[in-house]
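Q: First to last, the sequence lines map onto chains A and B. Residue 21 in numbering that gives the first Met the number 0 sits at position 22 of the first sequence, and the numbers go up by one each step. Residue 191 in numbering that gives the first Met the number 0 sits at position 192 of the second sequence, and the numbers go up by one each step.
Quick caveat, the hints were computed from the structure, so don't treat them as lab data. From the three backbone atoms N, C-alpha and C, an ideal C-beta is built for every residue, glycine too. Mixed in with the good hints there might be a few duds.
The calculated BS3-like cross-link candidates involving lysine-lysine, where the alpha carbons are at most 25 Å apart (straight line), are [claimed, not checked]:
1) Lys-5(A) <-> Lys-150(B)
2) Lys-36(B) <-> Lys-69(A)
3) Lys-5(A) <-> Lys-29(A)
4) Lys-157(B) <-> Lys-167(B)
5) Lys-167(B) <-> Lys-105(A)
6) Lys-105(A) <-> Lys-168(B)
7) Lys-168(B) <-> Lys-52(A)
8) Lys-5(A) <-> Lys-36(B)
Label-pair restraints from in silico Cβ distances [as the list claims (entries may be wrong)]:
9) Arg-58(B) <-> Ile-51(A): 52 to 62 Å
10) Lys-69(A) <-> Arg-153(B): 20 to 30 Å
11) Lys-28(A) <-> Glu-123(B): 50 to 60 Å
The primary structure of each chain is shown beneath.
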Amino acid sequence: MASAAKVITVQEEGRDVTYRYVASIAELKKTGQLTRWVGDHDILLYEYEGQIKALSNVCRHFGGPVGYHKHEDGVFTCLWHNWRYSCNDGSCLSHPGLPLRQYVLKIVNNQIYVDLLG
Amino acid sequence: MKPVTLMAQFHAEMDCPKEVVMWNYYDHEHLVGTHFKLYNRARVLAERENWSLVYRSKRMPLLPFYTGGVGFQFMDGNTMKSFHMDSVGFLLEMEALFSDLPDDRCGVTVTYRINTHPFFKLFEPLFQRLFKRWFWATWEEDAPMRLRRWKVHRLGFKDFGGLDYINKKSVRNRDARPGPYVFDPPVRSASPIKTITGIERPFDHSTEIGYADEPFAIQYGPELPSETAADEAVAQK
Numbered sequence: 000m001a002s003a004a005k006v007i008t009v010q011e012e013g014r015d016v017t018y019r020y021v022a023s024i025a026e027l028k029k030t031g032q033l034t035r036w037v038g039d040h041d042i043l044l045y046e047y048e049g050q051i052k053a054l055s056n057v058c059r060h061f062g063g064p065v066g067y068h069k070h071e072d073g074v075f076t077c078l079w080h081n082w083r084y085s086c087n088d089g090s091c092l093s094h095p096g097l098p099l100r101q102y103v104l105k106i107v108n109n110q111i112y113v114d115l116l117g
Numbered sequence: 000m001k002p003v004t005l006m007a008q009f010h011a012e013m014d015c016p017k018e019v020v021m022w023n024y025y026d027h028e029h030l031v032g033t034h035f036k037l038y039n040r041a042r043v044l045a046e047r048e049n050w051s052l053v054y055r056s057k058r059m060p061l062l063p064f065y066t067g068g069v070g071f072q073f074m075d076g077n078t079m080k081s082f083h084m085d086s087v088g089f090l091l092e093m094e095a096l097f098s099d100l101p102d103d104r105c106g107v108t109v110t111y112r113i114n115t116h117p118f119f120k121l122f123e124p125l126f127q128r129l130f131k132r133w134f135w136a137t138w139e140e141d142a143p144m145r146l147r148r149w150k151v152h153r154l155g156f157k158d159f160g161g162l163d164y165i166n167k168k169s170v171r172n173r174d175a176r177p178g179p180y181v182f183d184p185p186v187r188s189a190s191p192i193k194t195i196t197g198i199e200r201p202f203d204h205s206t207e208i209g210y211a212d213e214p215f216a217i218q219y220g221p222e223l224p225s226e227t228a229a230d231e232a233v234a235q236k
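Pulled out of the complex, with its shape left as it was, chain B reads as follows (with noise of 0.2 Å):
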């Protein structure tokens, strides 16, 4: 019998440059630390520039127990490509567009596609509300690490360095501006995620703080006196 494609498309939009969202999807190290309560294994088997083939584990929004797969991705311009073959059996082909929006914003469109027996056509309302509730738990969980990833970059930020102003006791240099993020894959890491034993996660549950970025103009020119609305904002709390 002729196969069927089950599928189910999500929309959504992010106040970040798109490279800094395909820098989040090229971050495998995260899974098992900002998604802790979602993945709890990870190991990049290969990867170059443009693709990477990692195993992950991870427990979907339904289902009462982990699974272990490979997922290969690659980008081709825009799109970022990437098929996953889960324990469960399903072939699954995931789409990610992302587009440019005025103001430093990006559209990100994701598609997942499954192609199986005609029988599992029934399925599909499940299939779409599962993967409604990964898209959205799965984005929640993102948004906030890259909107403070941007912000951190445009604070000057330095990977493995940190913010040069702050580890030298000194003022931020208002005038020297960043420049455009550039998503320049693989993404470094010094975790053993690509070593045979991969990376666990150290817990599954915590106490959560929290973030404390809520939305914040970072300031360019010359130092601005204490009167600022920064100050007013945390004078206010």
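Bound-form chain A, shown alone (with noise of 0.2 Å):
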């Protein structure tokens, strides 16, 4: 594959904004869901009613692989102690007022990108 900008700088609102790689379209498409670590940050990649989303991958719990199983029903089961997030926001189901951080992508050129800050 064409090898895609590591990082892309955005003006938005006055200020420029970093967004990181994390995945291309195609690769998501694979299983629909996938796991990357980008820098200091494990981002849960995924599709749901047609948008695609990002959230954490780590779980308020004991820092569990939330996206480690495929969703069902829209909803996210971490796999070392079965705590639930919702596909939709990333709230947890499990414990709520432990969410997941949503994160803001950018899709540029097929390739998917992360604000790490935003």
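Now that you have both chains on their own, put them together as the hints suggest.
A: Take a look at the structure:
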């Protein structure tokens, strides 16, 4: 595959916003869900109801991999202790008040980037 | 007749401190999560700082059925000793000896013993085969959990909280170095595992996407420019 830019910078509301590369659309399409470390962030990338979304893949309980199992019925179940999170917005169904961070993402030339600070 | 001892022993090493592996052994709730293919129910009957009494229902390799049983485990220095009485009727004694290795690594030597009627000595090869499969099946499922637990600890993870820099959308403070991993049982739990119902696994089949935890160097010190090895690795995927 043609190599994607690792970082892109976009002007948004008068400021520079840096987005980091996560994966290509083609990679995501294979299973509809993937996880990948980007710097110090473990990113859970997935398709849900026709949208591509990105959440933190680090369970708020003990740090387990939320996206180990393919989501079912709109819910992610963490591998380690079965904490459940909504695919819609990352809210925690097991322990409300401990949601997963949602990442703002940008798709450019079929490549998916996330804003680690946004 | 004098009983005989059936014995099997295994040794493995892990790229994390022994305290992380001890935590894993005392984290009973992960049995129906991480080991969802092997265990279908767990309940902590009682536990204190260095011991626990736990009911587990599991399916051993080579056996086509689940067996429920109670296990008692306690720490004796760097050795975890446990006794499992299964519905099959055998008392299984297990010892796990934890040792420190250089560079935050550790070794674990596990010995399984059953004291039984001399007739069963004939079946020792089967016993050894069964426990070889069991040891490696559970080790391979636990290994990525331990390594990831160690990784997120070094990133500053707080139990029932997470990573501050992720939650607060800020840059990780690379000057903050977390202390050593502390093994402080009993492992905190927020599930019904300590109630009369215990916990059941939610499913036994899944489409597994897997871990994304390839070997990963935690960066300390000032924020590095974007042209780091980690960036390169991501870009090459």
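Q: Hint compliance check: list the failing hint numbers for this structure, sorted ascending.
A: Hints 8 and 9 are the ones this structure does not satisfy, whereas the remaining hints hold.
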